[in-house]
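Asker: Based on the sequences and whatever the hints tell you, model everything.
Chain by chain, the residues:
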Amino acid sequence: MDIFNMLLQGFLVSIIPGNLLACTIGVIIGTLVGVLPGIDTVSAIALLLPFSYGMDSTAALIMFAGIYYGSKYGGSTTSILINVPGEAASVVTCLDGYPMAQKGRAGAALSVSAIGSFVAGSIGIIGLTLLAPPLAQAALAFGPPEYFSISLVGLIFLSKLTGTSTLKSALMAAVGVMLSTVGLDSLSGISRFSFGIDELDRGFDLSILAMGMFGIGEILTTMTQLNTKTNIPSINFKDLYPTKEEWRRSIVPMFRGGIVGFLVGLLPGPAATISSYLSYALEKRCSKNPNEFGCGAIEGVAGPESANNSAISATMIPLLSLGLPFCGATAILLSGFMIHGITPGPGLITEQPALFWGLIASMYIGNVLLLIINLPLIGVFVQLLKTPLNILMPLVAALTLTGAYSINNSILDLMWIVIFGILGFLLRRTGFEPSPLIIGLVLGSGLERGLTQGLIICNGSILAMITRPISAIILSLGALALFYSVAKWISRINCAGKKANC
Amino acid sequence: MAEKIITLFFLLGSIVYLFFAQQFTFGTLGSPKSGFLPSLAGITALLLSLTLLYKQLRSNQTSVLDKVNWTKFIFIIIGLLFYITFLNMIGYFAATFILLFYLFKVADTAGWRMPLLISFSSATIFYFIFANYLSVTLP
Chain C
1 MDIFNMLLQG
11 FLVSIIPGNL
21 LACTIGVIIG
31 TLVGVLPGID
41 TVSAIALLLP
51 FSYGMDSTAA
61 LIMFAGIYYG
71 SKYGGSTTSI
81 LINVPGEAAS
91 VVTCLDGYPM
101 AQKGRAGAAL
111 SVSAIGSFVA
121 GSIGIIGLTL
131 LAPPLAQAAL
141 AFGPPEYFSI
151 SLVGLIFLSK
161 LTGTSTLKSA
171 LMAAVGVMLS
181 TVGLDSLSGI
191 SRFSFGIDEL
201 DRGFDLSILA
211 MGMFGIGEIL
221 TTMTQLNTKT
231 NIPSINFKDL
241 YPTKEEWRRS
251 IVPMFRGGIV
261 GFLVGLLPGP
271 AATISSYLSY
281 ALEKRCSKNP
291 NEFGCGAIEG
301 VAGPESANNS
311 AISATMIPLL
321 SLGLPFCGAT
331 AILLSGFMIH
341 GITPGPGLIT
351 EQPALFWGLI
361 ASMYIGNVLL
371 LIINLPLIGV
381 FVQLLKTPLN
391 ILMPLVAALT
401 LTGAYSINNS
411 ILDLMWIVIF
421 GILGFLLRRT
431 GFEPSPLIIG
441 LVLGSGLERG
451 LTQGLIICNG
461 SILAMITRPI
471 SAIILSLGAL
481 ALFYSVAKWI
491 SRINCAGKKA
501 NC
Chain F
1 MAEKIITLFF
11 LLGSIVYLFF
21 AQQFTFGTLG
31 SPKSGFLPSL
41 AGITALLLSL
51 TLLYKQLRSN
61 QTSVLDKVNW
71 TKFIFIIIGL
81 LFYITFLNMI
91 GYFAATFILL
101 FYLFKVADTA
111 GWRMPLLISF
121 SSATIFYFIF
131 ANYLSVTLP
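Protein chains in written order, with the numbering used here: chain C, 1 to 502; chain F, 1 to 139.
Since the hints were derived computationally from the structure, they do not count as laboratory data. Every residue, glycine too, gets a C-beta built ideally from N, C-alpha and C. Any given hint could turn out to be false.
[Unchecked claim] Label pairs and their calculated CB-CB ranges: (1) F:Ser135 x C:Asp198: 19 to 27 angstroms; (2) C:Asp198 x F:Ile43: 24 to 32 angstroms; (3) F:Gln61 x C:Met338: 36 to 44 angstroms; (4) C:Asn459 x F:Asn88: 49 to 57 angstroms; (5) C:Asn459 x F:Leu50: 30 to 38 angstroms; (6) F:Leu12 x C:Ile3: 28 to 36 angstroms; (7) C:Asn459 x F:Tyr133: 49 to 57 angstroms; (8) F:Leu12 x C:Asn459: 37 to 45 angstroms; (9) F:Leu50 x C:Tyr484: 22 to 30 angstroms; (10) F:Phe120 x C:Tyr277: 43 to 51 angstroms; (11) C:Val486 x F:Ser59: 17 to 25 angstroms; (12) C:Lys488 x F:Ser59: 17 to 25 angstroms; (13) F:Ile43 x C:Asn459: 48 to 56 angstroms; (14) C:Glu199 x F:Asp108: 31 to 39 angstroms.
Answerer: Here it is in structure tokens:
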């Protein structure tokens with residue numbers, strides 16, 4: 001009941017004209033980011049950080065959240081129409097969405113995708129509403145040892161869940177932790193790895209790193225690709241009606257995807273992407289006609305598209321309740337909070353209830369706005385796909401450089417952006433995922449702070465630190481995950497050995 | 001091959017990082033000092049990159065990478081470096097105008113008048129947004 005009352009007050013905050021406008025702008029930009037290949041969610045939020053300086057903090061955060069969840073709605077459009085995923089989380093939608101478009105059912109695929117996103121997005125937001133406050137309440141009892149354990153286990157899970165290779169993801173996370181040690185040590189005040197460059201004393205700015213890795217990296221990828229022209233089908237409003245049979249087959253996958261997405265969203269890693277793959281596999285297993293998958297099965301669109309939207313809401317839970325980002329986009333959202341002097345975490349709900357509940361309520365409103373934007377206005381966004389990338393990419397590059405310069409008025413930051421851009425481009429080409437690096441950078445400083453402060457509290461006893469009840473439970477989960485990985489690795493080596501002997 | 005080069009880059013990077021991390025006091029497990037996390041992170045990265053490189057060298061699989069126009073890549077990087085070098089000297093408006101026009105041409109935008117017009121108008125809009133609306137001090 002209390003949650004319901006607080007949510008109602010949140011709605012009063014989110015319908016203030018300025019906040020409502022910010023929400024609308026956020027979801028429109030988010031849809032654009034999702035629709036246009038070559039612009040990533042993380043870089044879009046990073047790019048818009050400077051624009052939020054003059055804004056009210058609640059409005060700014062509502063806008064950033066809108067971009068975040070809005071991008072997952074738009075991501076399916078290009079997957080279905082031109083077989084090019086606008087977002088990593090929409091890659092799996094290509095498998096059945098594009099064959100549906102080839103059969104003349106693009107409109108049905110788009111509408112099922114939008115309605116599924118709405119249904120699952122709502123499931124995710126309800127979960128966020130119910131779960132974030134008690135978790136934040138529980139987290140009030142967390143001290144540095146618990147935060148150390150969460151950061152450590154977060155990094156372990158992240159390496160296991162991200163990308164195609166555990167080793168590559170773990171290496172990226174370790175590099176992120178290494179980068180987090182650059183600058184002044186918060187406890188001793190010693191300058192580390194700054195090599196006499198004063199500007200390095202403040203360490204690597206998360207937004208600069210994200211703009212480089214994701215923004216410039218993506219621009220380099222898009223601009224250096226060999227040109228291929230694609231035909232974009234036009235979509236009329238009447239094409240958007242799915243048939244009765246399509247409806248019947250889509251409803252259960254939408255709800256199932258919503259639940260799968262929400263559960264995956266609570267884990268560290270690119271939850272939206274993982275949940276879409278997981279949901280696709282689940283739908284294929286549950287289907288009476290698994291052979292249809294890959295040839296235009298509507299369940300293959302409804303499930304994954306629902307899952308990735310639900311996962312997005314769930315990823316907000318650790319950020320808002322614990323102040324810990326478990327994926328690249330929430331890491332940059334954390335940066336947005338920090339810019340406005342707000343520290344997300346257990347204190348947020350009690351210290352800034354209007355912001356906390358206003359943000360959550362805005363997600364309900366944004367979800368409805370996205371349904372409106374993505375159904376009747378889908379034709380407009382399809383037209384945007386005709387925007388020539390040779391015009392768009394240079395403009396985004398100039399805007400990224402200007403935005404990066406405006407953060408600290410530093411030429412060195414621009415240099416870092418280019419260096420990280422080249423690195424991001426090369427990493428993606430070679431199958432290394434840049435997201436764990438970004439999260440390693442954020443969790444690395446928390447890890448060090450938690451460890452040193454925790455040891456001070458526990459009188460220098462590491463045993464006392466890791467045997468505190470909550471710490472012990474969290475660390476046991478991490479140990480189990482590690483044990484499982486090692487056991488799986490050994491059994492794989494044994495299998496390979498047996499095969500070689502045969 | 002490219003994958004191995006990147007892994008080798010991280011291997012060398014972690015060795016250099018570990019070398020510099022030795023300058024800071026490690027402390028003990030009960031009382032970590034400023035060199036504690038850098039040393040552990042460096043060793044972890046070193047071990048991971050060594051394992052990865054070993055695995056890549058033993059693997060017979062060759063990954064097929066998307067084709068990239070490397071000439072364009074180099075020209076884009078030159079343009080970005082030019083922008084960074086001359087931003088303070090020639091000022092924001094001129095540098096952004098030149099960068100945009102240059103990138104349009106690198107991206108094979110046809111004609112001269114249209115790229116010039118878009119570059120000029122975009123640089124003007126960006127300048128007004130950042131300098132006037134956001135009150136950013138631009139060079």
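Asker: Give me the numbers of the hints this structure contradicts, sorted from smallest to largest.
Answerer: Hints 6 and 13 are the ones this structure does not satisfy, whereas the remaining hints hold.
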